[in-house]
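Participant: Got chain R; can you put chain L on it based on the hints?
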Amino acid sequence: MELTEVWFVAITVLWVGYFVLEGFDFGVGMMLPVVARNETERRVMIDTIGPVWDGNEVWLITAGGATFAAFPEWYASLFSGFYLPLLLILVALIVRGVGFEYRGKRDSVAWRLRWDAGIVAGSFVPALLWGIAFANIVRGVRLDADHEYVGTFWDLLNPYALLGGLTTLTLFATHGAVFLALKTRGEISRRAASVALKTGVAAAVLMVGFLAWTQIYGGVVGTVILAVFAVLAFASALGAIARGRQGWAFLLSAVAIGVTVISLFVVLHPNVLPSTINPAYSLTVENAAATPKTLGIMTGIAAFFLPLVVLYQSWTYWVFRHRVGAG
Amino acid sequence: MDALELARWQFGVTTVYHFLFVPVTIGMSLLVAILNTAWVRTGKVAYLRATKFFGTLFLINFAMGVVTGIVQEFQFGMNWSTYSRFVGDIFGAPLALEALLAFFLESTFLGLWLFGWGRLPKRVHLACIWIVAFGTMLSAYFILAANSFMQWPVGFKVNQRAELVDFGAVLTNKVVLATFPHTVFGCWLAGGVILMAVSAWHLARKRDLEVFRPSLRLGIAAVLVGALGTLVSGDILGKIMTQTQPMKMAAAEALYETRQPAPFSLFTIGTLDGTKPIYQLEIPNLLSQLATGSFDGKVEGINNLQAAYERRFGPGDYRPYIPVAYWGFRLMIGFGLLAALVALVLLWLTRGRQVRGTGWVWKVAVWSVVLPFLAHSFGWIFTEMARQPWIVFTQMKTADGVSPSVGAGTVLTSLIVFTILYGGLALVEVGLMIKYGRATPPSADDAEPHDGGETSFAY
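So the protein lines, in turn, are chains R and L. Under our numbering, the first sequence is numbered contiguously, ending at residue 327. Under our numbering, the second sequence is numbered contiguously, ending at residue 459.
Chain R extracted, bound-state conformation (with noise of 0.2 Å):
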């Protein structure tokens, strides 16, 4: 294999490793005011993800590192161009951040609760915008002949963009509660799993369509195949939470969403940044890639490091496996 094609799969990998991880931990960031009824459910909730979140975070970090080295050019022309919707994600991602660590700092409702609708809203936005950030890669944007965006920030928001949006963010929602009923006990847990039944069922829905969309910009059988396996796992994930069998749904809902990333990956390849205006101006594993030198020495790198990573990061879910109880 190529080693352009082996960092189109490794940057594969470090999005569903993002979305996979952090999509529970901002699901129950956006849960906090649907699932808690009061301050100590709040905290269980925030509790559940405490010591993992931070580190699902560097996933992304990682990913947009390992793109700004694999492939500058999609790094570059990615970054630029969708400015503003990434200091969205920026703002929100701090603000979210900081509310985890900070909202218990200070004994006042004022200050909790202020803290807690940043959390909710930090949540929020990226759950949307990430969507519409990957459907707008696969659709394509206007690239000129330099790789450069000519579009403006409304043309990201096209019905296409908008309903993957929607369905990052309801499949995220959903993996949250899943992940809330798995890791709380009693009746947060019992509240979560109804809340997942309840988002889980639009999340379906807005995948179906989103996914079928999502052929015409590439689609082949494979692809086809990949669709249909991620809504299955979907569907199994909300027919294991409705018997009570959390565990399974959670791993489900992960499938659900590691394929989903899959799926959109293969319909991009071989392009990683297709042009709406000219197809050859887009941006290709080739010609957005940096040389084999630095692909070789990071291969070498990456293909001892990152299973290290995911050791220890399971490591983490290991001991930190019990159900989160308040008293």
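No lab work stands behind these hints: they were computed from the structure. Think of the CB as a built atom: it goes at the ideal place given N, C-alpha and C, for glycine as much as any other residue. Treat the hints loosely; a few may be bogus.
Claimed, not checked - Which chain R residues face chain L? A few, computed with CB under 8 Å, are given here:
#1 G50
#2 V52
#3 D54
#4 F68
#5 L84
#6 L86
#7 L93
#8 I94
#9 G97
#10 E101
#11 I297
Facilitator: Below, chain L alone, put in the same frame as chain R:
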């Protein structure tokens, strides 16, 4: 202002702000690890209380460092896309490695340390904070290696863009070999000052002596080791800077004409850029020593270098903004030395198991908390601004690195958003640091870890 100037302001504002938190993270993770080790080794509960007390301060700061760091990674692509296209083949790899090798370690093991009290065996738990401390220093190495490429590009060839030839050369750039110890020692100094200033506040009120006397002494030790290390590595870095970026050294001294031997001016009264000094306090031959290692070495002046660069790179202004370079250099050194001086005084006052000290000494010690932040900020402002007009020295000018597709209005929007957001968060952060800095350390009972995972909330 055009998009270029706004993008430069944004980079300056967000980077200096981010680097208020980085030195504390690097310095304090090590010091908290040492306190934690002291507890595990001796079983003395005072060390445990100190660990938890300073651990809280560390976490308040860490959160800000993490979230402002994401902005840094995104910013290269958002505002500096032409630069990113040009250097991505070399510059991207250290950033990716920083995330893959260091950030994962830091964030994962910090979560384990924070939530793992009483759940992990004592020594495993202790190992977690040491891994965090190691991770912070590892991340410093990678990001400084990337920055050093901008100061002194090595291990590459130009083929429309800068392409990697020798990754080992990039990672062992002589600039990073000096910048890394210089920065890390500076971070220990910063962490030490936090321990020192906070402990001083409590000792002035004679509170919890058994917690804060050892903390103060540890802080002092960190400040002194940090200051000494920063001086030695800074001296080496100065000589490397003279070889690699002579214009930066000339600008640091506002030395317009080449001199042999060259004196070091402590300060100047006159025009800001030092062209017409009215009064100047000079130490003869010292600049020659700092720059070349010999007391009668020749130091190139700004005017000669300007002429030489015009011959080499074509017409243009190759001089950085001299007042910032001259004063940034002096203020960096001055504030660092001042912190060391405070530490020396406190070392003397706390000799022989005693705690002496009058009100104003403690007051000075508490206020010394601002010194390392000033020193670090001026250091970065100096080293980045005195590299101008280059974004990658000799290879690409800053003016050519900016994103062509991003308009001034867009950059202005994000500059305003970040400035307001960062300003608000600074107030919140400082408020919390003061609140928790003045708090009573957890009592022996509260500090003692117990396997009460269900009822104990870390947040």
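Participant: How about F68(R): closest beta carbon in chain L under 8 Å, or not?
Facilitator: Where the cut-off is 8 Å and the nearest Cβ of chain L is about 4 Å from F68(R), the hint holds.
Participant: Verify the interface restraint on I297(R): the C-beta must sit less than 8 Å from at least one C-beta of chain L.
Facilitator: holds (5 Å)
Participant: Once the shortest beta carbon distance from V52(R) to chain L is found, is it less than 8 Å?
Facilitator: Since chain L brings a Cβ to about 6 Å from V52(R), closer than 8 Å, the hint holds.
Participant: Holds or violated: is the Cβ of G50(R) closer than 8 Å to a Cβ in chain L?
Facilitator: holds (6 Å)
Participant: Per the CB criterion, is D54(R) less than 8 Å away from chain L?
Facilitator: holds (4 Å)
Participant: Quick one, is the I94(R) hint okay against chain L at 8 Å, beta carbons?
Facilitator: holds (4 Å)
Participant: Is the interface hint for G97(R) satisfied, with its Cβ closer than 8 Å to some Cβ of chain L?
Facilitator: It holds, given that the least Cβ distance between G97(R) and chain L is near 4 Å, below 8 Å.
Participant: For the restraint on L93(R), tell me whether the closest CB of chain L is nearer than 8 Å.
Facilitator: holds (6 Å)
Participant: Can the hint on E101(R) be confirmed by a CB-to-CB distance to chain L that is less than 8 Å?
Facilitator: Holds - the Cβ of E101(R) comes within 8 Å of chain L, reaching about 4 Å at its closest.
Participant: Given a cut of 8 Å on the nearest C-beta pair, is the interface hint for L86(R) held or broken against chain L?
Facilitator: holds (6 Å)
Participant: Holds or violated: is the Cβ of L84(R) closer than 8 Å to a Cβ in chain L?
Facilitator: Result: holds, 7 Å to nearest chain L Cβ.
Violation of the numbered hints given earlier is absent; every hint is satisfied by the structure.
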